[in-house]
Each structure stands twice: as structure tokens, then as C-alpha cells.
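Protein chains: 2
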Amino acid sequence: MRIKPGIWLITLLIFLFSGEAYGQSKSLNGYTSEQAAAQYELESRFDGLIQAGNLRDWLKRLAARPQHLGSPYRKDNAEFILSLFQKWGFDARIETFYVYFPTPKVRKLEMVAPTSFHAKLTAPPVEGDPVTAMQEEQLPSYNAYSIDGDVTGELVYANQGLHQDYAELERRGIDVQGKIVIVRYGGGYRGIKPKVAAEKGAIGCLIYSDPRDSGYGQGDVYPRGSFMPPDGVQRGSVLDITLYPGDPLTPFVGATLQAERIDPRDAPTLSRIPVFPLSYADAQPLLEAMTGPVAPPDWRGALPITYHLGPGEAEVHLKLEFDWKLTPAYNVIAKMEGSERPDEWIIRGNHSDGWVAGAADPLSGLIVLMEEARVMSELTRSGWRPNRTLVFCAWDAEEPGIIGSTEWVETHAAELKEKAAVYINTDSNGRGFLWGAGSPCLEEFFNQVARDVVDPQTGVSVAERAWASRAMRTGSAERSPIRLSALGSGSDFASFLQHLGVISLNVGYGGENRGGIGHSIYDTFPYYVRFGDPAFEYGVALAKTTGRIALRLANADILPFEFKDFVNRLSQFIKEIRELWERMRTETEQQNQLIAQKVFALAQDPKLSFVSPDRLNPVPILDFSPIEEAIFRMEESIRAYEEARIAFVQSGSSLSLEEKLRLDRILYKSERALTRAEGLPTRPWFKHFIYAPGSYAGYGVKTFPGLREAIEKRKWTEARAQIPILAEVLEEFTTQVKRARELLESAVK
Amino acid sequence: MRIKPGIWLITLLIFLFSGEAYGQSKSLNGYTSEQAAAQYELESRFDGLIQAGNLRDWLKRLAARPQHLGSPYRKDNAEFILSLFQKWGFDARIETFYVYFPTPKVRKLEMVAPTSFHAKLTAPPVEGDPVTAMQEEQLPSYNAYSIDGDVTGELVYANQGLHQDYAELERRGIDVQGKIVIVRYGGGYRGIKPKVAAEKGAIGCLIYSDPRDSGYGQGDVYPRGSFMPPDGVQRGSVLDITLYPGDPLTPFVGATLQAERIDPRDAPTLSRIPVFPLSYADAQPLLEAMTGPVAPPDWRGALPITYHLGPGEAEVHLKLEFDWKLTPAYNVIAKMEGSERPDEWIIRGNHSDGWVAGAADPLSGLIVLMEEARVMSELTRSGWRPNRTLVFCAWDAEEPGIIGSTEWVETHAAELKEKAAVYINTDSNGRGFLWGAGSPCLEEFFNQVARDVVDPQTGVSVAERAWASRAMRTGSAERSPIRLSALGSGSDFASFLQHLGVISLNVGYGGENRGGIGHSIYDTFPYYVRFGDPAFEYGVALAKTTGRIALRLANADILPFEFKDFVNRLSQFIKEIRELWERMRTETEQQNQLIAQKVFALAQDPKLSFVSPDRLNPVPILDFSPIEEAIFRMEESIRAYEEARIAFVQSGSSLSLEEKLRLDRILYKSERALTRAEGLPTRPWFKHFIYAPGSYAGYGVKTFPGLREAIEKRKWTEARAQIPILAEVLEEFTTQVKRARELLESAVK
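Protein sequences appear in the order of chains X and R.
As numbered in my numbering, residues 1106 to 1854 make up the first sequence, in order.
As numbered in my numbering, residues 1106 to 1854 make up the second sequence, in order.
Each hint should be verified, as a subset may be incorrect.
Using C-beta positions, here's what the derived DEER-type ranges look like [to be verified]: (1) R/P1789 x X/M1689: 52 to 58 Å; (2) X/G1805 x R/P1235: 52 to 58 Å; (3) X/H1268 x R/P1718: 39 to 45 Å; (4) R/P1718 x X/T1227: 45 to 51 Å; (5) R/R1738 x X/T1693: 45 to 51 Å; (6) R/V1565 x X/E1275: 40 to 46 Å; (7) R/E1232 x X/E1275: 36 to 42 Å; (8) R/R1690 x X/P1829: 47 to 53 Å.
Source of the hints: derived by calculation from the structure; they are not laboratory data.
The C-beta atom is built at its ideal place from N, Cα and C for all residues, glycine as well.
So that you can see chain X by itself, here it is in the shape it has in the complex:
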């Protein structure tokens, strides 16, 4: 069946060439104006059906007990969620994986010198907040995937435990070999801290929540305020998710019962040394007992002590034993089949497991996903069906290492590579401003959605409020669209984007629900309704946002992707890398001059034990032009594609369904073109060559990761080798764009 091309391309082009990305115009990318009117009508009904009361009821129910991976209430919740999806008419089921998961048997931390102190390792309950008192059901505080261990050593304070922190210690002549490092939370994924500590020779790692970062230094503590009380502990995984996320024993394959598993002793993503999290009440006596040089100003926290670096008198004994078991993880997967293009999937996910109750993280996002699904099922009653298939996923085992989603992605990799058009992720949600991160081809589309959702507190669009927040920060009143930042890791989009190359988006509201109790026993329903989103109005706003995103993607005549933002972003990335390289050249040169002129020796206080750094090898010339030329050709190709679209529209031609399916597939597989089967040099699970979580950041992205990290690590041969590979990757993308252009050209009558 040939349908009239209508004017969707024209509205698209108007949007494209007017530079409109934020404003009053009601055009919809991927829709004719007639289709847009119908879609608006649908969205209006969608909005009208959303009930804040559901969000509240579900949150209260789901967060009523501790519900971490493997807990009885986790299973109960999964079955509850399944029952709802089934009630709403979805093709829903629980897909179970069996993941290697440690829970504590022995947790002992004591100071053995200069005085004796036994860490309490428990946090007190709060009146009126019953989950905080369910200590039998709570997971005790620990870092999941720490290895077992029994170590005794002097303490060294290493700030946030990142590379630059050890460089600072080395400048002061402090070596952590054989020591136990104590570091504060913050600055990146906690799993990086024991990883670097082990590389530097430490035998143990303690991670504590400094009150400066999350406690009274930020605001009043719970229950008076929203920040971490003295005995609260941030639980959390230390799995090396930068090597691969998911079950540590089943990289590349789903952790089904039958899956082949590697020997736990060979699992590279477990920590190398025992690592354990502490409250600031437990950390204070240790830090206070330390001697050695005073910590640099930026390293000092808000405890009422002088922060010393050690090593010295303070010595601790850490003993950890875990129960390592294959534990069932329950993903709830619910499908609503598309009427016209059932083999194109719009996937919407949020995890469901918490570290304890997990009211904010993740349930505040999950309840929104559930309400979206419920309302869509309501819409089907009046005959509506999505063009494309909608898949709703309530992931389990995200907290221990993004496991539920990763195992599902690995299990269904072949099908997903064919069918997955977009993955839309949420996690926690709160009061405040809309933010988004994801593939740049969705940026214009995302801003059209933000334009059409009203902020519950101010009555302007959420796009306008997000702009106002940026304007306050930058001081510039110039209007600008919301920029999608690049995705690293830390939530369930990771496998979709980085293992498969699925166009992905991560979305939420926040900024006005500041708190510091994440991953503790205090992340509860009573807390959330005081400090998170009391009236669930931002839950409703998120449902309107991600619901619109899903609906528009599912119904669009042609998938509403724009590539010009991507090519701009690529130019920015390579510019950053060029600047990094130039800065390293300058700084190397400068540092070597300072060394040659004995500046370090002369400027240092001889009473302190500073060490003059070693001479650095010079930074060689790197020729980035193959990448820059590939970007240039991509830009040309995108321009030609846009011209072809104009010509196509002007010709009055139309596309058959088969052509639309082909065009859709070319468009959404463009992201696949950015992956390579062999993966990144040191971590083959990561297939995407444009984005990966930094090997020493964890959550934070590195763009052009193979090249950028090679430069950062001064591996010049590897950096040189990456350049032609990246150029090839970009050419693959350009080829996809060219195929889209050819399709349009051939369709011109």
C-alpha cells in the first residue's frame, strides 16, 4: 500500500532549516501535520489519564520492605509488577537470570593502633519510617563484589582514590604499598577506588561518606533534613563495570541456568582487594588517629578534625567474608505489539531492585514507567495501537552491576540488533529540571517533547524551565535547546548503547530534591514523600515526558532522527582530544623545564617530604586528520541526504511501507555502524567506538574512548593505531547515511 507522502517531510524540513529546536511551533519530527494533529490528540488523552495517586500507591507498596536482589520482597515485587502488566493486557513475563552475587557473612573493621576502636557498622532506625527498622531483612552495609579478605595495615588517606590523588601522594613521597587506603565517596564510580588502590599496591580499601559531600556539610541530616545521618552507609557495587557490566561469570552471554560460567577466581570484574564502606561516624575515629602530612585543602572533609595523609600510627584490621551464590534476578518484560511495524522495537526500561527499599532509586522512576504502560493500555481500549512494538522492562539486579538488563541484552543480542530502534531509560526521579543524555540524533526530537510538557511548579514548558536553569548558571539569557550529554554507564542503557549500538536515551527530573542518603536504609517512602517529589507532580511530568517520547517514537511515520547534531558533537569530541593532546604537550614541556631548573627542589618546604617528579617522555606528534576528514565527509553526506529529502518532497513522491521499513532500519542501524565486533582495545565487550565509560571514571563517558584513553595513558602507539580505526567507523556511518539518501533518490517518481 502506497500512502500519500503528505507533508511530514515538509514540516521536518521547516524544522530543519528554520533552526527551530525550542519554541512555540507545534511541528513534530517524523509526522505529517495531519499525523501530528492526531498524535497531539492522543497525547492529550494520554496526559488526562495519568494519575498521581497510582504513583503514590505503587511506591508505598513496592518500597514497603527491603527489596534487594535475592530478597523475598524483590520476588514479591516482580510478581506484583508482572500481574499489573498482565492485567493491562501486555504480553508480559518474568525472565529469570541466575547471577553470581555475594552477601556478607563476616564484616569486621577495627582499629588496632594507636587505640582500639570497633566500627559499629549499623545505622539506627528512624521513627515513623518502618523499613529503617527491618534490620533482619536489610542487606547489611557492604560493597558488593569485594573479594573475601583478612588484612591488617596502616591507613593512608587517598582523598577520592582516583589516579590524580595517588599522584599527589607520590609527590609527597607517600607509597600505599602494603597499606590500607581510606577514601571518601565521590568523584566517580566507587568501583574505581579499590581498582586503583589495588594497582598501587594497597591491601585493602575503605570508602566512607564524608559529611562534606553527603552529610551535614550539605544540609540537615535525616530525619530533620534530607542528608546522610552519621551512621548511614552508602552501599554499592564495586564490580568493574568498565571491563564489562553484568554477571561477572558470564561475560558476552546471558546468565541462564545453562550458561557456561568462568571460574570465579578468574572473574576479572571482582575487586582485587577487600573493600568496605563506612559511615562518617565509623570513619571519624580512624581519620582522627592518623598522622603524617596534612591533607591538601581540597581533600579535607567536614569532620571536625585535621585530615592527615598517614601512614603512621593508625592501623586497622579488616575482615570480610561473603556468601557467594547464584541468585535469581527477575526481569519483568512486557510487550505491546506494533500494528504496522511490529519488528521495530521502542524499549522503555527502569530497574526495580533497590539496595534496601529503594524508594527513590529506582522505584521513583519505575512507578512512572508503570503508569505510562497502564495509560497506554487504557488508550488501546479506544482502538489505538502503536505503529511499532513497545517493550516495557522492569530490570532486576541493576544495583549490583547493571546485571538484569545486561543479561537480557546478551541473551537477545541477535534479535535486538535487528529490531531495537531506541532504548529509553529512567532511574531515579525528583523535583526540579528536566535533563537528558543520549544519542545526539534524538536531540531535536527530545526538545520537541520538552516543549510540549508543562512544568508543574511554574506553568511554563519544561524546556523553558530547563533553559532558565542553564541561563542562571551561564549568565546568558540566550535561548538554547537542552543538550543531550553523552552516555557513559551507571544505569541500564549501558548494554543497549555500548554493547549493541542501540540509540539510547536516559531521562529524568531533578535538582530540587537534593539529598545524600542514596543506597542507604533511609531511601524510603516516608523520605521520598518529604524530600523527593512530595505530590508526585514530577512523577506525572516524567510520565508525560517519557510517555510522549515512547508514543512519538512508536507512532512516527518515519523515525524522527536528525544527524546534524551528531556530526557537530563529533567535531567537538575531536577538538577536545586535540586540545588534550596539545595540553599534554605543553604541560610535559613545562614540567620538564621546571625539573631541569630545579624548581621543585627550590620551591618546596625542606621540612616537608616533597619529591621532585620524574622527567616525562615528550608527547609525540599525532595526526588526527584522518578522523577530521571522515567527519568532513560525514557532514557532506548528511547535507546531501537533506538535499535528497527536499528533492523527494518537491517531487510529490511517496514511500511504500516496504521503503519506510527499509528507511527506518537504515536510520536506527546508523548507531550500529559505530560499533565494531572486536570491541575496544582492552575491553572487547565494549563495541561502541564513540562512547564508553572511562576505564578510570566508571560512570563518566569517554568519547572516542580508544583514542582518548590511549592518549591519557601516554600509549602513543595505541593512540596512532586508533586513528584509522575511528576514521573507518565514521565512514561506516557515512555509508548508512548515503544508503538513506539513495533510498530517497530512487523513490523519486
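For this one, chain X is given, so just place chain R on it according to the hints.
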């Protein structure tokens, strides 16, 4: 008598045109090479006679008891110092002034709501540090020149109590009218804090030492380390020294017994509201009891509490009564008459009064001055006499408000205007790096001195070590001279430079003797020999530095001033002001746009009480070209003067003593040309139009103060009026340079 011109001008010119300002060359500005050789021989003998043991013995003796203005031991010390100067053959005497000085009768601070708390207001003694236990003789902690008062009010925390802090409070809708503000030390002269608080309508002001700034947040506290213990209090004056320093009852005239005094009720430099200093032990319960919004991140200190802004439940009662008495201040003045040019004075000063013992502040500098004087007297035994007169001054009453030196300067103003060539100030001294501040015409000269003094810890010159310290900060290994920063206020140079226009210099070592106990009972001999300068090697280095400065200035054939650094500095100042004005234009425009677009309203959390700022009046065009043209003409004039010097040298001519005296006088009176009799617009005591302490900084300098402050205060008419005045001032200076050139031209044979 005509003397041979020799080659001093040639060496000077080589120095000038080689750009040498730091290096190995041993030329001396103002000296022929023969004279330089003799001078070097003299300096070598000078160095050889310095005894660290004297420094130690005198410090121990002078700091043995509390010795604040008006104390018995202060008088005893003055007489001791006098006796030494007399023993060394100086024409020495005590010059006494009678200054209006308050000491506490009633000091009461209590919290009256929400709970009751009585501030302790005493600091415990330290074993082995006897002065700390002499509580009968110590001045209790207080802020001198607070008015008497008895006030009760709610607390508001205003950070450092500066203008921008109140702007921040206003943005949050917090008004201090009728409230008592509590502020932390730091950010400028403490006297600014009650001044601004009173302007904003507060009824009282508490100033406390936050441990972040001076206590355990910086390092271990005394006696374990060098920082402020919990009960320690920084005493200090709150006299408005930006209006005029010195006795509050005798502006413009010396506070002799007979002087006419203004009514204390009319004295404009007393505080307007009662103000009182607190330890952090006494401040903590008050701050902890406060409610209201959480303080911005930069405002938070290191106490283990959430810093709230108030107002709210916390209410305090402050009662202060003082004994206001005319108190004798004993300046010791000692002269060594110049052999050839007795009416040209090189004045060397350091104050002698402390807040308690004052071991570091001021005695660590005073003992150096005394040793310089002793060694010079030794040198006279072998027949040496300075060319010019040397005047040594041990000032009293500096701590209460730079009073001793100011009264002396006001008393001898007429004579000093004629005779004072240079004033060389020191105050505290410590281990570390040489620094200097003062008139730019001394910069080259100062660097020649720094080149010739050896750093005791590294064996390189103190110039090289100071450069290494800068290189560490800037990352640049390029060699550069020590820059003399511009003088504001805060020590005894203030009246010399800013009231009379005497070329001034303030010098010291430091940076490796960090501590936080200034103005407390812990500034003692035992403290200083542990944390200040244990072996007095930097005391010796300072004696070699300031001794050389005095000797070279006293002996020079022609005063060694260079004006090109001054003109460069002026260009920098006007550039800064232009940038300030441009920034204000941009920011005003920007803020008004943000207001017009409702950004403040949209971006703020509606649950917090932010207030959208008012629209600002636009910043008008200001024409700085009259000043820029005056600078240009000055530059031309300096160049012509230098050409005249070359021509003079090439001509083989020579100067008579009378011509040298005339040239000297033109040179040192060049700084007088920068003053005007009417003084600055709002503060006629300040005569210098290039430098003044900022009206809301206190110590920190404002260059082109009349113009800069008018712009900062958005007083555009005043700013416009200042421009031609500044151009005139600069022309006066240019005229002086022209006179120097004419003198040289007329002396050519």
C-alpha cells in the same frame, strides 16, 4: 666639590637596557662600580656581624609578658629598646602620644533562645608556655573600638560580612535589620565587618574564627600544631582605618597631650554597633542553634554542623562596656645622622606592641630591625657613616589602629615632607620566601638586593627561591623579577605613603610558617621557636635584606629609583579599571536580560525564598582617555629623562653635591606629586591618588582609588569627575621627571 661622574650612570644604563633585573651581574643602581665595590665590602662586614643569638635573646625578653598598648611591660620594653639604641650610640628617644583606647570592663555574650548558653570567653593556658597563663596581665579578648552596647537579637550568619555576602542574603530574602550578625574572620580587615553590618541595619556583630580558616581545618592546633585551638580568640581593632588610621580623636594632628581632640561621640572611626570576637568553641553552639536556609557552599566552615543563615530561633544577648582612657603610646625613635646628606632620611620601622606577647606579630620583625641598628653602630666604629640619615622607629599602638606611626607622621608632617626619602617597613617575619610590596620605582633596586642575599635553606639567592615559588604556582619556568605589589594598609607604612606621599616598602619572609594563632594568647616565644623561624635563620636573612636596603639607600651616590616600572604599573591599573567598567556593563546588561526574561523566577526552587534582583541602571560610557594620554606623556617623559642620562654620561660631565641634592629631592618628591592636598573624595586624610586601602577592603589596596571606587559604587558623576583629576596628578609626576631631565641637561658641560 665636583666629583667625577664615574661610571654609576653607565652601570645603571647597562642594567636598564639589558633588561637585567634578576641575575648574576653585580652592578648596583645608584653606585659607580668603585662605589659598588666599597659598598659590597661594607655589606660583607655587615653580614658577618649579624648574630642570630641576639634575635633569640631579644625575642625571649620582649615577649616574656603581655605587652599591649598601655600595659606595664609595654613601657618596660620601650625603655629597654631605648636603652639599647642609646648604648649603640644612636640619637634615641621615646616620643610619647596619648591615644584614646578602650579596654574591656563588661564582656557578656549569652544565647537566650532556643536554649541558654553562656560563652566562656577565655582560652586555656598551655603547659610550657608561661605567657598563656598570665591571665591577669593579658588583655581579655575583644575588638578594640567597638562601642559600648547592650543588644539582644536573632542571629543571621553573613559569611565574612562583606558587601557581596549581604547581596547573597538579599537574594534569599534575608534582611539583617534589627538582627545580630555572626560572621567569620577572613576576606579583609575585620573592621569592615561591623561597618557593613551597621550600614545594613544590624544591631550587633560577632566575629568568630572558623576552624576551616585558622583551626583544625588548616592543620593540627596548638600546642600539637601551629593552628588555633578551639578556645583561642583573635583579638583585633575594628577602627575604620579606611577613613583615617591613628588616634580616633586627633585626625590630621599628632595626639600630643595638648592636641585638640574631637568629641568621642563624633569620632567617625569607632564602630557604629557593638562588635565582639569569638573562639570557635564559643561560636559553635550559636551557629548550631540557628535555623533558616542552608548557607551557600562557600560560606560553610569546618564546624561539624549544618551552617544555616537564620534568622530564626537562635537569639543572643551581647553586652559590652569599655574603659575609655587616654593611654600613653611609646614610640622609640633613633637617628644616625648622615655624613653628606643629613637632611635626606631613610626611615626604617617596625611596631613593638602586641595584642598579648606578640612574639611573631610584631616582635619577630622588631628584633631584626634592632639587630640591623646594632650592626650599623658596629660599622661606625671602623669609621663608616651613612651618606644620608638613618632613622629607626619602634612604633607603639600599631595593633589598635596603626596609631604610633600615624601620630608621629602627623606631628612631623612638615619635616617629613621635606626630608623623608624612603620608608622601609617590616612587621612579622617567618620561614620561607621573600616578598615585597611598595612603590614600583624601588622594584629594580629591591631585586638587586634579593639577588645578593642567600636563602638559608637552599643556598641559592632569595630572589631565585622567590622565583621558584612563583614558577611552581604559575607553571612557567621563565625567569622573572619579584614584583612589588601595591600597598594598601594594615601596617605602619600607611601614613608615610598615603598621607604624605613617601616612597615606601614593606618586606618580609614567609610561606613556610603557616599558623592560625595571630592576635591570640598563643603568639608566644615557645610557639615562635617551634613554628615560626626556629633557628632565626630567616630573621638573619631579613636583617641582611632590609639592612642592605637601608645601607644602599643611605650610601647611594644618587637615589636608585627607576620610573619605568611605575608607568607600566599605571598602564596595568587603568587597564584593570577599563575591564572593570566593561565587565559591569556586560553584567548589568546580562542581569537585566535575565530579569526581563523571568529567569530568576523560573529557575529558582519555589520552596526556597529566593528574591529576583532589581533591574540595574545601565552603566554609562566613561572616557578614560585623559588618563591614558597622561600615562603616554609620562612614558615619553621618562624616556627623554633616560636619554638625557645617557647624553650626560657620554658628555663626561659631573654633578656637584648641590646638584645631587637637588636631583635626589626631585627623585624622592616624585611620589609627593601623586598626592593632592584635598585628599580623596570621601576621605580627605588619604592624599595619595594612586593607592589607598579599599573603603570596603581595609587592608587591600585600591589603585586609582577615587575612580575605581566610584565605579564600583556605580557613582558615575563622581567617576567622571575623577578622570581629569587623575590626569592632573599624573601630569604633576611627569613635571617632576621633566625637572630631573632638565637638571641633567643643564649639567652637561
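Each hint tested on the structure:
With their beta carbons about 57 Å apart, R/P1789 and X/M1689 fall inside the hinted range of 52 to 58 Å. Range check, X/G1805 to R/P1235: Cβ separation about 57 Å, and the 52 to 58 Å hint holds. Between X/H1268 and R/P1718 the beta carbon distance is about 42 Å. The supplied range of 39 to 45 Å therefore holds. Here the CB-CB span from R/P1718 to X/T1227 is close to 48 Å, well matched to the stated 45 to 51 Å.
For the hinted restraint 45 to 51 Å between R/R1738 and X/T1693, the CB-CB distance of approximately 46 Å keeps it satisfied. As the Cβ distance of R/V1565 to X/E1275 is approximately 25 Å, the hint placing it in 40 to 46 Å is violated. At roughly 38 Å, the beta-carbon separation of R/E1232 and X/E1275 lies within the given 36 to 42 Å, and the hint holds. A beta carbon spacing of about 50 Å between R/R1690 and X/P1829 agrees with the range 47 to 53 Å that was offered as a hint.
Hint 6 from the list above is the single one not met by this structure.
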